[in-house]
Each structure stands twice: as C-alpha cells, then as structure tokens.
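Make the full structure from the sequences, and use the hints.
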Amino acid sequence: EQDYYKILGVGRRATTTEIRNAFIEKSKKLHPDKNQNDPKKHDKFVKLNQAYTILSNSTTRDEYDIQDFEGKHHNYEDQYES
Numbered sequence: 001e002q003d004y005y006k007i008l009g010v011g012r013r014a015t016t017t018e019i020r021n022a023f024i025e026k027s028k029k030l031h032p033d034k035n036q037n038d039p040k041k042h043d044k045f046v047k048l049n050q051a052y053t054i055l056s057n058s059t060t061r062d063e064y065d066i067q068d069f070e071g072k073h074h075n076y077e078d079q080y081e082s
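In this note's numbering, the protein residues as written are 1 to 82.
Think of the hints as simulated: they come from the structure by calculation, not from any bench. Check each hint, because a few of them may be wrong.
Ranges between beta-carbon positions, derived for each pair [claimed, not checked]:
1) Lys28 to Asp68: 25 to 31 Å
2) Thr59 to Lys6: 19 to 25 Å
3) Gln2 to Asp33: 22 to 28 Å
4) Thr59 to Asp33: 28 to 34 Å
5) Thr15 to Glu63: 14 to 20 Å
Backbone N, C-alpha and C fix where the C-beta goes; we use that ideal spot for every residue, glycine too.
Have a look at this one:
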C-alpha cells in the first residue's frame, strides 16, 4: 500500500498549499518529458499524481485518512489475537 504523504514528502497535517507546492517541486524532477528513458521515474510520476489527486481534495483526503487509520488499527489488533 502506498503512503501518499510520504510520496509527496509532506506531513499528515500539511495544508493544501503545502501539498500543492510539494507536488509542483517533485513533478518538475520526475516529469516524463525530462526523464524519457527512465521508466522508474515515470512510475514515480504516476504515483505522485495519484497522491496529489487524493490529497489535494478535502473529501478524498478525508476518506484516505480514515481508511489508513482503520487499516493500521486493524493490523494492530491482529497482533494481539491468539
């Protein structure tokens, strides 16, 4: 599973402006036009776009945060089952 906050290099409390600025900076480095012969950077650019699409919208960001919290909480409980 992808951590969209890590992909963008921002904290969970990042503002929309901070998310946008991080996206712009990283997209300049990973843009396919600048890395035509590097498929790994293309894949990173795709993931960067996915992260930005989710985290730049308050509704989808809230849904992502809830799913992420529930997943971590569920995994924590699984560790203590007999």
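Hint-by-hint comparison with the structure:
Checked against the hint of 25 to 31 Å, the C-beta distance between lysine 28 and aspartate 68 comes to roughly 27 Å, which is consistent with it. Separation of threonine 59 from lysine 6 is about 21 Å and conforms to the stated range, judged on CB atoms against 19 to 25 Å. Checked against the hint of 22 to 28 Å, the C-beta distance between glutamine 2 and aspartate 33 comes to roughly 24 Å, which is consistent with it. Range check, threonine 59 to aspartate 33: Cβ separation about 31 Å, and the 28 to 34 Å hint holds.
Between threonine 15 and glutamate 63, the C-beta spacing of about 18 Å keeps the proposed range 14 to 20 Å intact.
Of the hints listed earlier, there is not a single one the structure fails to meet.
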